[in-house]
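**Q** Given next are the chains, with one letter for each unit.
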Amino acid sequence: MNIKLNIKIYTLFSVLILALSSCAEYLDPEPQQDDLTKDIVFSDILQAEKVLNNVYSGIRSGLQAGTYSYAMLASATDEGVNSFSWAGTWPVTNGAWSPTNQFDNIWSRQYQFIRKAHLFLENIDQVPGNDELKTRMKAEARFLRAYYYFTLVERYGGVPLVTELLSLDADLALPRNTMEECVNFIVSECDAVSGILPGTYGSSDLGRVTRGAAMALKARALLYFASPLHNPSNETSRWEAAAKAAKDVIDLGTYSLYPDYQELFLEPFNEEIIYARVDYGNGFFDTWNRPSGNINGGWGGTNPTVNFVESYDMENGKTIDDPSSGYNPEQPLENRDPRLYQTVVIPGDTWFGDSYESWDGGKDGRTPPPGQGKAGDGTRTGFNLKKYVQENFQNNTRTWIVFRLGEMYLNYAEAMNEVNGPVAEVYDALDMIRGRQTVSLPALERNLSQAEMRERIWKERQVELAFEEHRWFDVRRWKIGEVLGGPMYGYKMTKNADGSLTYEKNVFQERRYDAPKFNLYPIPQSEININENLEQNPLW
Amino acid sequence: MEKFIRKELSTALCVFAFCMMLISPIYASQYAYGAVERRQVDIAKMKVTLRSAGKPITQVLREVGERTGLFFAYEDQLDKKISAVTVNVDDQSVLVLLENLSKDYGLKFKQVNKTIHVSQKENDTQEIVAGIKVTGTVYDDQDFPIPGANILIKGTSTGTITDLDGKFVLEDVPEDGVLIVRFVGFEPMEVPVNGRSSIEVKLSQNTMGLDEVVVVGYGMQKKATLVGAVNSIDTKDLLQSPTANLGNALGGRLPGLIVQQRGGAPGSDAPTIRIRGVGTTNNADPLVLVDGVERPFNQIDPNEVETISILKDASATAVFGVRGANGVILITTKRGEIGKPKVTATFNQATQSPTQLPDYLDSYNTAMLMNEGLRNEGQEALFSDEELEKFRTGSDPYLYPNTDWYDAVLNSSAPQSQANIKISGGTKTARYFVSGSYLTQRGLYKDAKTPDYDATDRFQRYNFRSNLDFDVTNDFTASVNLAGRREIRNGPAIGLGTIFSGMARLKPYESSVYNPDGSLAASNVGANPVGQVTQSGYNRQYLNTFELTVKLNHKLDFITEGLSARAMGAYDNVYRYNERWTKSFMEVRYSLDEDGNPVYIPKTGVETPLSFGSDWDNNSRRFYTEFAIDYARTFDEDHAVSALALFNTDRTWRNANWPASKLGLVGRVTYGYKDKYLAEFNMGYNGTDNFAPGLRFGFFPSASAGWVISEESWIKDSAPWVSFLKLRGSYGLVGNSGIGGRRWLYFPDKYGSVDGYPFGENPNNTGGLGETELGNPLVTWEKAKKSNIGIEAFFYEDKFGIVFDLFRESRNDILMTRRDVSGILGQSSLPPVNIGVMENNGFEIELSHRNRISGDFGYFVTGNMSYARNVRSNLTEPTPEYPWMSEEGTPLGQIFGYQNLGFFDSQEEIDNWADQSAFGMVLPGDIKYKDLNGDGIINAEDMGPIGYPLFPEIIYGATVGFDYKGFDFSMLFQGAANGSSYFLQEAGWEFFNSAKAMEHHLGRWTPETKDTATYPRISSASDGANNNFQVSDFWLKDASYLRLKNLEIGYSLPKSFLSKFNASNCRIYVNGTNLLTWDDVEWQDPEMRDSSGSRYFRGWQYPIMRVFNAGLSVTF
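Chain order of the listed sequences is Z and A.
Residue 1 is where the first sequence starts when you use my numbering, and the numbers rise one by one after that.
Residue 1 is where the second sequence starts when you use my numbering, and the numbers rise one by one after that.
Derived by calculation from the structure, the hints in this document are not laboratory data.
Glycine included, every Cβ here is placed at the ideal spot set by N, Cα and C.
Please note that a few of the clues may not be correct.
[What the hints assert, rightly or not] Residues from chain Z that face chain A, not an exhaustive set, calculated with beta carbons under 10 Å:
#1 T67
#2 R109
#3 L174
#4 T397
#5 W478
#6 S526
#7 I528
[As the list claims (entries may be wrong)] Dumping the calculated DSS-like pairs for lysine-lysine here, alpha-carbon to alpha-carbon at most 25 Å:
#8 K134/Z / K750/A
#9 K750/A / K38/Z
#10 K422/A / K138/Z
#11 K50/Z / K750/A
#12 K459/Z / K244/Z
#13 K334/A / K446/A
#14 K716/A / K223/A
#15 K167/A / K154/A
#16 K334/A / K422/A
#17 K459/Z / K479/Z
#18 K55/A / K154/A
#19 K81/A / K108/A
Bound conformation, chain Z alone (with noise of 0.2 Å):
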């Protein structure tokens, strides 16, 4: 090759470097002109709330179809089953619950509202002015880190408490703080936040936390803190710290009971609600709820338990083992609690349009004649779900309840109890839920002892709270877990030729408790692999 050629190559490879490099626009991107960085976000107040909203959004529906995996917790309960065993909370009550097997793994899930909530408060600073706005955001934030921290420590006692942004290169290796390390945190923020934040806000802010939400949560941490779970030694002083926070929020006066107990459920944010979320176009709920056998097709999802539906009193307000109460164990079903027909479908109910028909071979049972009803899919129990299910089938508005009065009328009378024994505050207490007027039970006898009182007042709770979040995490920090294992019984029902119902009771379910293993929730296990800090909770 000569020079001459050689010079014409390189001349030809110049062009083309030189064509490359003049094109590397060629590869520029348009700048993304909708895209949002933080200093865009946090330059505008309205901007701003909808980061607000989103720390929001961690507040969870029990009704939504993916908080337990298409169950409701309370299918982890005695309080039901859900039909289907692929549902989430089956591997609670077959055993097969593990730090590898998880139910209920909301740990990284709440951290990622937590960081939210500092993102939040670390920049909302940078808005200009709307400075009134801006404080009660603040607060806003700060009830929904501790709440969030709350539903940490329920579960899984105490856990390592961040209380800033962490950035990508943080050290992340940290330890768990102590429960007290974590009540005492959520119990301050919930003092600062309640000075803050309004009674009550205008209608189309309702859902926003109040001043009442934020007593509730530290009305509800101190209860659990004072609990025998986290309270071996019982000291006397916690009781008395959550029968004060308690009676608290009672005093503020802001809240009253709501007279129907059914439609307590359905009308949102009614005089009764301290906090709710409100759950919309949920008609799902409905849906998966319905009898499987009913007209309009469903899916039978809840089934009450007969061990749930025995802790109901008799509608003369003894229980169903005082010889005197009249209860018939051939009619297990007649002359109960006023609550058991608002919270639950028996047989002979129309629901949905339709006869309910869950004996043996009707409809709605768990084997329908072929053709009718999804045949494996109808109730394992007998019984399907009332309580929170719109009959009327409008998808319309509904709130979940987070805090309500009535709660906080059995947190008070509870820590009343175990600080005074049943003194007359307790009595009052309880018959305020009692006397709610579709309710109307009689007024208790006041003749029992505290030991007595407490399982009266563990009983009223089972009965007043039902599906409402709360029996799982009662009987744990209770320490009586093991009423959640054993068998569960169902009724296998015969229909007769009058018409008439024979209830056998039948097991359905050997359920696994392992107590006191359960009673805290296991991390999860990747979570321990990649954190050596982080220990495990005890027999996990």
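Fit chain A to the supplied structure of chain Z, relying on the hints for placement.
**A** Frame of chain Z; chain A shown alone:
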């Protein structure tokens, strides 16, 4: 049994191949090389430089031919007579050279156009005088006349060549003489005259064809001197598969190419294709270029395709830079050749039927198993004996139905027809290839035509292509390719997943299809699939594709010899429009009241009119340009040098998104010394807009070398039976920027729309903002270091061949999300980082034997096998409790599950075994799992790797074929091994989610059948057998299979007959695809997977089709 047959068959194949090698007579025929042109040339003016000593005469002549373009014709025995020729000429005229040779070696040369016939002088005296006049025609294997073919009377130097129409005339041929017919690129053939005066000769292509050129990245290379790992297939083989989808015609044809068809829905049956296995955890699809531009290829009509090449190693793929790491598929379409217009019309009519359908049980058996399941779990039976009897006898088909939903919804077969007409030809200055075709493929659903609409499932495709080439001047050529495609997919408004899941779920006894009054029957379990097919409205998708390519090429010999420049521009447009007319329909429940009168209760839905909906998506435009300088020249006879520099731009607009752009620079330098020592350097330097400025461009070099040992004189002397032997090796770096997911990962942390929260009495979601995607400013492409060693060997005039390739690929910088970041951070969408590593190693082997016994009979046997295994590492996986739980070091798609140890035979056995109760009820007959960690509890800690990954590690194919007179026959076996199918839910379990029961459930465990049971105890509902449904190797089936993938028998009508109709060729044929399958899966076709392509199979998929086809092809 199947296993046995498979084994026997493969053994038989091997033995057959081996025998053929042993018994086949060895022909030492020779043929000359060189291009053929029909121009009279003046050999006196032709200059040649040649130095050689002691070479056989034929090689000297061949070298002269190669340098001059002349074509030398000589007889076989010439070498034996003149085996050592010495030539030493420098820029000498060919005439003088030949005169010298004539003088020195007693040779006689006779020039006919560019062909020079060589004979020995002493033979002159022995010329046979008496003989007959023979006329004849020479055809190629596609029955096109071959102009310029060489005819020689055996044992003489008398010969001729064919004219433009392939015809020849020879005088004085001995009646018992033999004609030797030769043409470059074809097997030489000896034709006994047997007194005939008219002879038709059909040459078959020398498919080994080391002279042939192969399409490589941005160019063509001679196969003999190729140093990269490249395979190719041509149109003839493709057309043997009567599949609508071109991709499905590739299975088993090429070593290193993995083609797995996952379903058979008309128009949506494209296979998943991998080259040399899987090298990345991200997108592993190979790059596909059609005529040099990235384009979809599955719906191209095979009639338009000239060749398909696959590029496998770094040498072949480095030029594609960041796009080449997954291998490259190059499709080249046909072009016109000089000649009279050639019109070929083809018509194919096929019938398709499923290779296999799931075996669902009838009502009687389903009900019987349901009863048994209930009793197993301590519940009462659902059906009485009388009811079972009614199911068995079918005495009451409406109240005790026995509905076969597959039968109710699907026809057993569906037709498919295809017609193609193509015209090609041209002159010196303009050549054309024009092809148009129409395909209609009917689906299996029964007719769904109503007066209002047609919901029949059908795929229609119109293909059009026009490829034009113009020689504008002697130095300047221009080509224009215009291709269009219209695809129409029609079907019910409800998607096939829903329909097939309904067919998988509805128990035969749930309902009949129709009620006695003709209304659609309702059941509570799900919608009536027949209603969904016929009464849900229809969905029609139109997809139009337009592809324009313009290429210009200019020789720049005036600058320096061998230099040329080319430019290419392409514009593609894809437009998809979907119209969906939906309606709801009514289902009625039929029952009898107490008096036995029929009662009809409308159950679900109401009849509504059609409502319209439409969408546009997948619309795209692409604009591609390319500028290149080519250089190719041979210096001092022995030093062949070539170089390429190329620049390209590629921009695609997809829907309303910001276009994706790529820029690239390609370089290639090759050097060959005497075609013996070869070296090549390739590089790609390209950039994509997916990466940050400053990090956009990557440099991907590769170096390769080859040694053609058979060109060495010592091997020529010592082992003349070695016709070709080459060693080659390559090493290089290739990239993969197709990392999937979102684009512009380097952008700064983004805020975006996330969950909001409902506030207010009349709530609406107020909208939320939050961190969405965290950016990684350093994000870059994956890097693949590929090495390859290959050997190509051919023996006895290429009759036997073996090609072996060993490859190793190490991919690093695989983009993935770290898994070792604590959840306490609170960020769920961590930015992807380039950390993953994957090793992918394997080998390929290809064996071939082809032989022509006589003019009338030739045969071939070929086989190929590929093996590839990948291993992942650097997964940032936190150390699990037990080593077997780790994904580190396992292949992509590895399933982790329990090892089944058979069934528990008694309660005692359950009690003495590790605790499995976490899965629920455990009864005798349930699956027993291995306690890997020995802690007495079966849980996640006992789940280890089971089975093989998603793609089979071994893929093999074998073809056998022969032709005899007008008949031709070929068949292709294709198989896979080291693969697994995982069955679950409706596809494997009994009564899952109220679904039905299958044939294999009859093999259930019962106390009586415990010794022979093949399936665990029956359960009435999913949760009753939760223990059995855990992920375990019980549900994992060995997906090895062997298929008779293709078979073709054809017959070409005699020319003498055809000439009456002015036709030059007419062939009738029958062929088929997926004709027979041997496998151990039993429950389903071994290739089937869910449409998501996951390794799990749930059974909601359209079956894969077996196709029988008959066709006719006529050329005028």
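**Q** With reference to the structure, classify each hint as holding or not holding.
**A** The hints, checked one at a time:
1. Hint status for T67/Z relative to chain A: violated, with the closest Cβ pair at about 13 Å, above 10 Å.
2. At its closest, the beta carbon of R109/Z sits 8 Å from a beta carbon of chain A; the interface hint therefore holds under the 10 Å criterion.
3. Restraint check, L174/Z versus chain A: the minimum CB separation of about 6 Å is within 10 Å; hint holds.
4. Checking T397/Z against chain A: minimum C-beta separation of about 6 Å stays under 10 Å; hint holds.
5. Taking 10 Å as the C-beta contact cut-off toward chain A, the hint placing W478/Z at the interface is violated, the least distance being around 26 Å.
6. Checking S526/Z against chain A by beta carbon gives a least distance of about 6 Å; that is within 10 Å, so the hint holds.
7. Below 10 Å, beta-carbon pairs count as interface contacts, and I528/Z has one with chain A at about 9 Å; its hint therefore holds.
8. Distance hint between K134/Z and K750/A is fulfilled; the C-alpha atoms sit about 23 Å from each other, no more than 25 Å.
9. With a CA separation close to 7 Å, the supplied pair K750/A and K38/Z stays within the 25 Å bound.
10. At roughly 75 Å between alpha-carbon atoms, K422/A and K138/Z are farther apart than 25 Å, so this suggested pair is violated.
11. Under the criterion of a C-alpha separation no larger than 25 Å, the hint pairing K50/Z with K750/A is consistent with the structure, at around 15 Å.
12. As the CA atoms of K459/Z and K244/Z are separated by approximately 22 Å, the hinted pair is consistent with the 25 Å bound.
13. Taking the CA atoms of K334/A and K446/A, the gap is about 38 Å. The hint is violated against a cut of 25 Å.
14. The straight-line distance between the Cα atoms of K716/A and K223/A is roughly 20 Å, inside the 25 Å bound, and the hint therefore holds.
15. At most 25 Å may separate the alpha-carbon atoms for a hinted pair to count; K167/A and K154/A meet this at roughly 19 Å.
16. A C-alpha spacing of about 10 Å is found between K334/A and K422/A, which places the hinted pair at or below 25 Å, so the restraint holds.
17. Between the alpha carbons of K459/Z and K479/Z the distance comes to roughly 15 Å, so the proposed pair stays at or under 25 Å and holds.
18. With a C-alpha separation of about 24 Å, the suggested pair K55/A and K154/A falls inside the 25 Å cut-off, and the hint holds.
19. Proximity of K81/A to K108/A is assessed by CA-CA distance (about 14 Å); at most 25 Å being required, the pair is judged to hold.
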